[in-house]
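Residue numbers (the numbering used here), protein chains in the order written: chain E, 18 to 131; chain W, 13 to 126.
Please note: incorrect hints may appear among the correct ones.
Listed next, with one range per pair, are the computed distances between beta-carbon atoms [what the hints assert, rightly or not]:
(1) 30/W - 88/E: 46 to 52 Å
(2) 21/W - 85/E: 37 to 43 Å
(3) 29/W - 81/E: 42 to 48 Å
(4) 22/W - 83/E: 37 to 43 Å
(5) 21/W - 101/E: 17 to 23 Å
(6) 29/W - 32/E: 43 to 49 Å
(7) 84/W - 58/E: 25 to 31 Å
(8) 27/E - 20/W: 28 to 34 Å
(9) 28/W - 46/E: 39 to 45 Å
Within a straight-line C-alpha distance of at most 25 Å, the following computed DMTMM-like cross-link-like pairs (lysine to aspartate or glutamate) qualify [as the list claims (entries may be wrong)]:
(10) 66/E - 119/W
(11) 56/W - 97/W
(12) 90/W - 75/W
(13) 85/E - 37/E
(14) 118/E - 80/W
(15) 66/E - 68/W
(16) 27/W - 69/W
(17) 23/W - 105/E
(18) 85/E - 114/W
Since the hints were made in silico from the structure, they are not lab data. Using N, Cα and C, we set each Cβ at its ideal position, and we do this for glycine too.
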Amino acid sequence: AQSVTQPDIHITVSEGASLELRCNYSYGATPYLFWYVQSPGQGLQLLLKYFSGDTLVQGIKGFEAEFKRSQSSFNLRKPSVHWSDAAEYFCAVGGAGNNRKLIWGLGTSLAVNP
Amino acid sequence: EAGVAQSPRYKIIEKRQSVAFWCNPISGHATLYWYQQILGQGPKLLIQFQNNGVVDDSQLPKDRFSAERLKGVDSTLKIQPAKLEDSAVYLCASSHKTNTGELFFGEGSRLTVL
Chain E
18 AQSVTQPDIH ITVSEGASLE LRCNYSYGAT PYLFWYVQSP GQGLQLLLKY FSGDTLVQGI
78 KGFEAEFKRS QSSFNLRKPS VHWSDAAEYF CAVGGAGNNR KLIWGLGTSL AVNP
Chain W
13 EAGVAQSPRY KIIEKRQSVA FWCNPISGHA TLYWYQQILG QGPKLLIQFQ NNGVVDDSQL
73 PKDRFSAERL KGVDSTLKIQ PAKLEDSAVY LCASSHKTNT GELFFGEGSR LTVL
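Only chain E is shown next, with the shape it has when bound in the complex (with noise of 0.2 Å):
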């Protein structure tokens, strides 16, 4: 079965830490595999994505995540985290094609202490 497991419902993190976020999939063809922030009273907005190529992605704000596909895994990574990045965070994955219908993790909720 297509699933996205993101272990860790609720992260908090001092401001200035490092931050990882994990994210596992279960994909039976190649995974696109997507990071998405929500800030509070918005919509979500792409961090990053990963196709193809070097399993190290950059995206913005900051953000990178790795994929490591003998782990199924798509881990968000940032070296300081700000205030600012207080917001849910959502692993999605999904496959080639036009069609294709993204599966989408619970979401991991950050807070971020002064």
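Start from chain E and add chain W according to the hints.
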């Protein structure tokens, strides 16, 4: 470029009443999606349009939900009659024809059913 526009942002109704949400996607985006996001959960795809045709409506509760995209541009999602469990944020998203999987989301319409 203008983003995905949605209205209304907030709506409170009583159960068994009806409600309609409107979405105007990014200009030139052929694919339009309606998602339901219940508090604490990831987005759930309700319906996907490609131009004015339905690609996927497998998770749309068709006894009470309907959606249309008559001219292949803006779209309306209707709920009639509403139930308590329909309380959620309804997100509209659009993507370009080439559909690399990157979705552009509106800010959402928050529905509260009393």
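Going through the hints against the structure:
Hint check: residue 30/W to residue 88/E, Cβ distance near 47 Å, so the stated range 46 to 52 Å holds. The hinted range of 37 to 43 Å is satisfied by residue 21/W and residue 85/E, whose Cβ atoms lie roughly 39 Å apart. For residue 29/W and residue 81/E, the Cβ-Cβ distance of about 46 Å falls inside the hinted range of 42 to 48 Å, so the restraint holds. Distance hint for residue 22/W and residue 83/E: a CB-CB separation of about 39 Å, consistent with the stated range 37 to 43 Å.
Checked against the hint of 17 to 23 Å, the pair residue 21/W and residue 101/E passes, with Cβ atoms roughly 22 Å apart. For residue 29/W paired with residue 32/E, a C-beta distance near 45 Å keeps the hint of 43 to 49 Å intact. In this structure the hint that residue 84/W and residue 58/E lie 25 to 31 Å apart at CB holds, the actual value being about 30 Å. Separation of residue 27/E from residue 20/W is about 30 Å and conforms to the stated range, judged on CB atoms against 28 to 34 Å.
The supplied range of 39 to 45 Å is met by residue 28/W and residue 46/E, whose beta-carbon atoms lie about 43 Å from each other. Distance check on the hinted pair: residue 66/E and residue 119/W sit about 21 Å apart at the alpha-carbon level, within 25 Å; holds. Simply put, residue 56/W and residue 97/W have alpha-carbon atoms about 14 Å apart, close enough for the 25 Å limit, and the pair holds. For the proposed pair residue 90/W and residue 75/W, the alpha carbon gap of about 11 Å is at most 25 Å, so the pair holds.
Between residue 85/E and residue 37/E the CA atoms are separated by roughly 14 Å; this keeps the pair inside 25 Å, and the hint holds. Straight-line distance between C-alpha atoms of residue 118/E and residue 80/W comes to about 19 Å, which keeps the hinted pair within the 25 Å bound. With a C-alpha separation of about 23 Å, the suggested pairing of residue 66/E with residue 68/W holds against the 25 Å cut-off. A distance of roughly 23 Å separates the Cα atoms of residue 27/W and residue 69/W; the hinted pair therefore holds under the 25 Å criterion.
About 23 Å separates the Cα atoms of residue 23/W and residue 105/E, which keeps this hinted pair within 25 Å; it holds. A C-alpha spacing of about 21 Å is found between residue 85/E and residue 114/W, which places the hinted pair at or below 25 Å, so the restraint holds.
Checked against the numbered hints given earlier, the structure satisfies every one of them.
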